[in-house]
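Construct the complete structure from the given sequences, taking the supplied hints into account.
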Amino acid sequence: IQLTQSPSLLSASVGDRVTLSCKGSQNINNYLAWYQQKLGEAPKLLIYNTNSLQTGIPSRFSGSGSGTDYTLTISSLQPEDVATYFCYQYNNGWTFGGGTKLELK
Amino acid sequence: QVQLQQSGAELVKPGSSVKISCKASGYTFTSYDMHWIKQQPGNGLEWIGWIYPGNGNTKYNQKFNGKATLTADKSSSTAYMQLSSLTSEDSAVYFCARSRYSGPFDYWGQGVMVTVSS
Numbered sequence: 254i255q256l257t258q259s260p261s262l263l264s265a266s267v268g269d270r271v272t273l274s275c276k277g278s279q280n281i282n283n284y285l286a287w288y289q290q291k292l293g294e295a296p297k298l299l300i301y302n303t304n305s306l307q308t309g310i311p312s313r314f315s316g317s318g319s320g321t322d323y324t325l326t327i328s329s330l331q332p333e334d335v336a337t338y339f340c341y342q343y344n345n346g347w348t349f350g351g352g353t354k355l356e357l358k
Numbered sequence: 184q185v186q187l188q189q190s191g192a193e194l195v196k197p198g199s200s201v202k203i204s205c206k207a208s209g210y211t212f213t214s215y216d217m218h219w220i221k222q223q224p225g226n227g228l229e230w231i232g233w234i235y236p237g238n239g240n241t242k243y244n245q246k247f248n249g250k251a252t253l254t255a256d257k258s259s260s261t262a263y264m265q266l267s268s269l270t271s272e273d274s275a276v277y278f279c280a281r282s283r284y285s286g287p288f289d290y291w292g293q294g295v296m297v298t299v300s301s
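Protein chains in written order, with our numbering: chain A, 254 to 358; chain B, 184 to 301.
It is worth saying that the hints were derived from the structure and are not from the lab.
Simulated coverage check for chain A against chain B, where a stretch passes if three residues somewhere in it have a Cβ under 8 Å from a Cβ of chain B:
1. 295-301
2. 336-343
3. 348-358
Where a beta carbon is used, it is the ideal one built from N, C-alpha and C, also for glycine.
Here's what the structure looks like:
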């Protein structure tokens, strides 16, 4: 299964509602997770099984979707959210999207 | 708390092999899969394979068959990945990460940078 993330680069302001997209080449059956990776750090799990928030992750992060189309939403962008975000599917093997780099406007 | 502590950066020559480690603590090592993921500078993430330390079962991304070999030492709660016949294309950061029942990767190691250069 191939994953396509869009946009590849997103500029937004503090307080903005931000939406990142991840589209699969086949049905992912909700076995989709989102990761945040800051420069020089390991990826951090934010959301798993499409919409389950990992322990310790702020509630401004949420996930939704079904079938082949999935979304990560940040309800109010904070400066510490500047990072690259990857989606990842574990329905059929394990594959990652190409990432969306989120920067402050 | 769960920790995955990886070995240090490696500078290796083309054609050689390298073995990197991932020492697990804070959980039952034999009850979780250990995955390995490759990240090249500026690129995304690529799954290499996994090992189940409980019985040594492995599964590889076809692309890494013959390139990567995964092993685990239950006595020291350490997973290993050996990369062979190294070329410049193998220069990357390599992460270990755990999962359970083929689920999401919930904890990751800090990553090991492998540089292949003469």
